[in-house]
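**Q** Listed below are the residues making up each chain.
Number of protein chains: 2
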Amino acid sequence: MEKVNLREKFALFNDFWSPKIVGELNDSYVKLVKFKGEFVWHRHEHEDELFLVVHGSLVIKFRDRDVRLEPGEFIIVPRGVEHLPVAEDAVQVLLLEPKSTVNTGDKNDQRTVTDLRRI
Amino acid sequence: MEKVNLREKFALFNDFWSPKIVGELNDSYVKLVKFKGEFVWHRHEHEDELFLVVHGSLVIKFRDRDVRLEPGEFIIVPRGVEHLPVAEDAVQVLLLEPKSTVNTGDKNDQRTVTDLRRI
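Just so you know, the sequences run in chain order R and E.
The first sequence begins at 0 in numbering that gives the first Met the number 0 and counts up one residue at a time.
The second sequence begins at 0 in numbering that gives the first Met the number 0 and counts up one residue at a time.
Calculated from the structure, these hints are not laboratory results.
Glycine included, each C-beta is placed from N, C-alpha and C at the ideal position.
Take these hints with a grain of salt, some might be off.
Residues from chain E shown here face chain R by an in silico Cβ test under 8 angstroms; the list is partial [as the list claims (entries may be wrong)]:
{"no.": "1", "residue": "Asn25"}
{"no.": "2", "residue": "Glu46"}
{"no.": "3", "residue": "Val66"}
{"no.": "4", "residue": "Glu72"}
Only chain R is shown next, with the shape it has when bound in the complex (with noise of 0.2 angstroms):
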């Protein structure tokens, strides 16, 4: 049981779109990952998926409208909801959600990850 350090983790990488894991808790990761650009549109048919940012502005679009994201905010999106994470410049993410989910959820694209690495 040792503390995380956000700060130090995301040092620790700079490839972006690939989750790393830094924390579990009950049937859930907590994980770190480094955004830049436009990802995919994709939904979690299971799962909720949590959204914090730590460092940079992000934008989640929703079929219905936008949600942009600084520092100390974050958003839920529930299971079902078709979503696209963008980042005009890199971002820093915590992720939050089921060991179970897939980064592009419903879509296979060349970004899919399903081995994570634990950093």
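Using the hints provided, position chain E relative to the given structure of chain R.
**A** Below, chain E alone, put in the same frame as chain R:
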């Protein structure tokens, strides 16, 4: 589905040791709480609990050591592990834990809160 700004939410309350619900996902709540002083030794028999410090400095005492958390640091306390949060000065903390979790765990205390407010 609205975003949550942590700073704005923390400005809405001033009582200590009384977690407020600011989000729910899967089987868990996201809660915000202000601590000041020393809480009560307790454990959660069936629930892992995440403490993320947003503002201020928090010590979590365990039976064998103390861990100090600064802003941007979190720790996950596994189920069954006794712990005692201590805040020398006021501290703002984000909690993530199953909906079934009671703040004082296996202890009854005048600070036990079972009916949490949503903000």
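**Q** Evaluate each hint against the coordinates.
**A** Here is how each hint holds up against the structure:
1. Asn25: 5 angstroms, holds
2. Glu46: Nearest chain R Cβ about 7 angstroms off; hint holds.
3. Val66: 5 angstroms, holds
4. Glu72: 5 angstroms, holds
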